[in-house]
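Sequences are here, hints too, so could you generate the full structure?
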Amino acid sequence: MPDGLLKPLRYAWDYLKEISGENADDRYLAIHTATHPGKRAMTRGEFYRWRQDYKYNNPGSRCP
Amino acid sequence: MNSGLRRYGIWVVVALVGALCWGMLALSRGETLNAGWLLFAALASYAIAYRFYARFIQNKVLGTDDTRATPAERLNNGRDFEPMDRRVLFGHHFAAIAGAGPLVGPVLAAQMGFLPGTIWIIVGVVLAGAVQDMTILFFSMRRDGKSLGQMAREEIGPTGGAAALIAVLSIMVILLAVLALVVVLALAESPWGSFSLAMTIPIALLMGVYMRFLRPGRVLEVSVIGVALLIITIFGGGWIAESSSYAGAWTFTPNQLVFALIVYGFVASVLPVWLLLAPRDYLSAFMKIGTIALLAVGIAITLPPLHMPKFTEFAFNGAGPVFAGALFPFVFITIACGALSGFHALVASGTTPKLIQKESQVRMIGYGAMLVESFVAVMAIIAATALDPGVYFAMNANPALLGDTVQSAAQAVNGFGFSVDAQTLTGTAAAVGEESIIGRTGGAPTLAVGISQIFSAVIGGTALQAFWYHFAIMFEALFILTTVDAGTRVGRFMIQDLVGNVWRPFARTSWLPGNLIASALIVGAWGYFLYAGVNDPLGGINQLFPLFGIANQLLAAVALTVATTILIKMGKLRYAWVTALPLVFDAAVTLTASWQKIFSTDPAIGFFAQRAAAVESIESGKLSDTLKALKAESIDDAHQILVNTTVDGVLSILFAVMIIIVIADAVRVWYGLIWGGKQSELSEAPWQESHLDSEGKEIEREPVGAGR
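If you read the sequences in order, they're chains A and B.
Going by our numbering, the first residue of the first sequence is number 1, and it counts up by one from there.
Going by our numbering, the first residue of the second sequence is number 1, and it counts up by one from there.
These are calculated hints, taken from the structure and not from any lab test.
A few of these clues could be false.
Stated by the list, open to error - Computed list of lysine-lysine pairs in DSBU-like fashion (alpha-carbon distance at most 35 angstroms, straight line): (1) B:K572 x B:K697; (2) B:K572 x B:K678; (3) A:K55 x B:K697; (4) A:K17 x A:K39; (5) A:K7 x A:K17; (6) B:K60 x B:K572; (7) B:K631 x B:K310; (8) A:K7 x A:K55; (9) B:K697 x A:K7; (10) B:K569 x B:K60; (11) A:K39 x B:K697; (12) B:K678 x B:K569; (13) A:K17 x A:K55; (14) B:K628 x A:K17; (15) B:K569 x A:K55.
Said to hold, decoys possible - Quick look at which bits of chain A chain B covers, simulated, 3 or more residues with Cβ under 8 angstroms: (16) 18–28; (17) 45–55.
All C-beta atoms, glycine included, are put in the ideal place defined by N, C-alpha and C.
Spelled out as structure tokens, the structure:
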């Protein structure tokens, strides 16, 4: 595929991953290993539940 | 000179394009205008407002400071505080503020012609709505993400704070009832719609289990699966509607749907969130963004002519069959989201401010996202006014005025001053796969017909029009239900918090009895209004929607009052007009509308005038002429009207009193600050230096590596 087409597609894909929270775990791991080296990090499932439980126990409002 | 020309030349062009489009809209005489003029008038106005006015607010009024660390940077915990890329946060914030509101309000307001709604949507967002969102976002960010209620208490005082809290809770109830009413009206007697919406529940359950146990956190793949299943379901609905044996089983009366929604709302509030709420959120977010993008493309390609006149007589005589009341104040009440919506102040204070990387980004996220929402409202008004006005009124007028047959509806529409024949009405219904489109109020079906005409002109032609209609219905119903779920949950937490002050265990949100009781209370509250609305002899939408609009604009008044107070406290008195002028306008609108709803002697508008007529009928034992003119049919109707108008009237009084309390309390504070020589205490979090650049990268240290 030509580079001119590939680049926007890659950008859209990264944006989707970012906005859906798909790669939130990767970022968490990066920060965790940097700030608490050697300590066990949450698994993907644990991290995901931790985040979701927090979000829905502190619900924000949304517009109609 | 030359660089100045280069710098501003493009803006001169934008301004000229905008002026030309506005000129076409304003000066056209009778001929049918193309939607393109409206589209470009909006886009040019947004561009200029974003480039100049929003930047003025950012630099002069708020004075954003990018060397100051935001709460996301200082308090980063990877959960609620976390510096988020501005483009991603823009998407999140937009998804949180854009709901069914910007789609429904403009459709109802279209009865006055396309111009009043358009002007309010565009001018309102530029000078009021986006300003409110941006300033509240900024002030909440400076206070580590405090909520609107907390800011009202701290900046104005306990009285204003308490009034704001009561306002939020009662608005939530009315809001949920009105939204649920829109769903009921859209799905009643429609097996296709009911089936496809019901199927979203098993789809969500499936997604929930998948994300919890099979592939945790794989949001994208599960969303793709969900959307694909949803599309299949919509086709399946068409098959159900044509099947003689299943169509009956999926055809529901409004009251059956009310019951189903109440049970659903309660169950959704009690079930664990990962099972139903979280997967539905993903599903509805993707559908929402996708459909809005599709609609923008569809309108840009088809550029439909606008068949509705610029103004109809209902703008001036207040006798509109969709809702009663004249242009001022009711256009400004009916169109809230898209122009000025108090609800956004709740989103802008709370979740979003905890995620901002740089202070200056409040312009893009606060002001910018609201401009996009306004654009959604413009598209809704295009979709509604591109319809044949005769069809529009046959769908939206109070069903009691239209009668039961296409002939009686066509006759009634001719009586409103628009022409339509019975064949057109039957044909339109057949084209979208429904039995009838007569009296399908609530805005959603009208928008769906408009969207189906635009989409089918691009993809699929008439063969796919019924699919696109139900696609639009499903999309609106899906995200209204998501709002109902989320709103019920927020309301439940508020009740648990309130009661928890008196009795501790109740505040524990994981305690099942507390959960059950608080859920039942909040669902019961909106369920009551929903039931009353569906069975209202005077038409639920035209009675409840103004109440909802007043409540929403009341919340905007609270937000603008808080913003003005903080500006004065910051020593920016000479810029306080930026929020004070919208506040004055909003207060005038809200109070005038409340006044008319309470004191008007016109029984089409005033709740207490209707109530008096009901009392008279009940006492004399036969229907009074006034109630007959309102199309009430029996003494039972009179009893129903008595109850409904009492509740609605008392609520109108409550809302008006709240707004007066908040503003009066704030004026007391302003007086003390400006003339009383009071010291202003800003409750901002202290300044700390930022270590992030505008892309969110660390400035001093090397970025840390990834890997387990």
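Hint by hint, here is what the structure shows:
| no. | hint | result |
| --- | --- | --- |
| 1 | B:K572 x B:K697 | holds, 32 angstroms |
| 2 | B:K572 x B:K678 | holds, 15 angstroms |
| 3 | A:K55 x B:K697 | holds, 26 angstroms |
| 4 | A:K17 x A:K39 | holds, 27 angstroms |
| 5 | A:K7 x A:K17 | holds, 15 angstroms |
| 6 | B:K60 x B:K572 | holds, 9 angstroms |
| 7 | B:K631 x B:K310 | holds, 29 angstroms |
| 8 | A:K7 x A:K55 | holds, 33 angstroms |
| 9 | B:K697 x A:K7 | holds, 22 angstroms |
| 10 | B:K569 x B:K60 | holds, 15 angstroms |
| 11 | A:K39 x B:K697 | holds, 25 angstroms |
| 12 | B:K678 x B:K569 | holds, 10 angstroms |
| 13 | A:K17 x A:K55 | holds, 19 angstroms |
| 14 | B:K628 x A:K17 | violated, 59 angstroms |
| 15 | B:K569 x A:K55 | holds, 33 angstroms |
| 16 | 18–28 | holds (count 10) |
| 17 | 45–55 | holds (count 10) |
Hint 14 alone, counting from the list given before, is not met by this structure.
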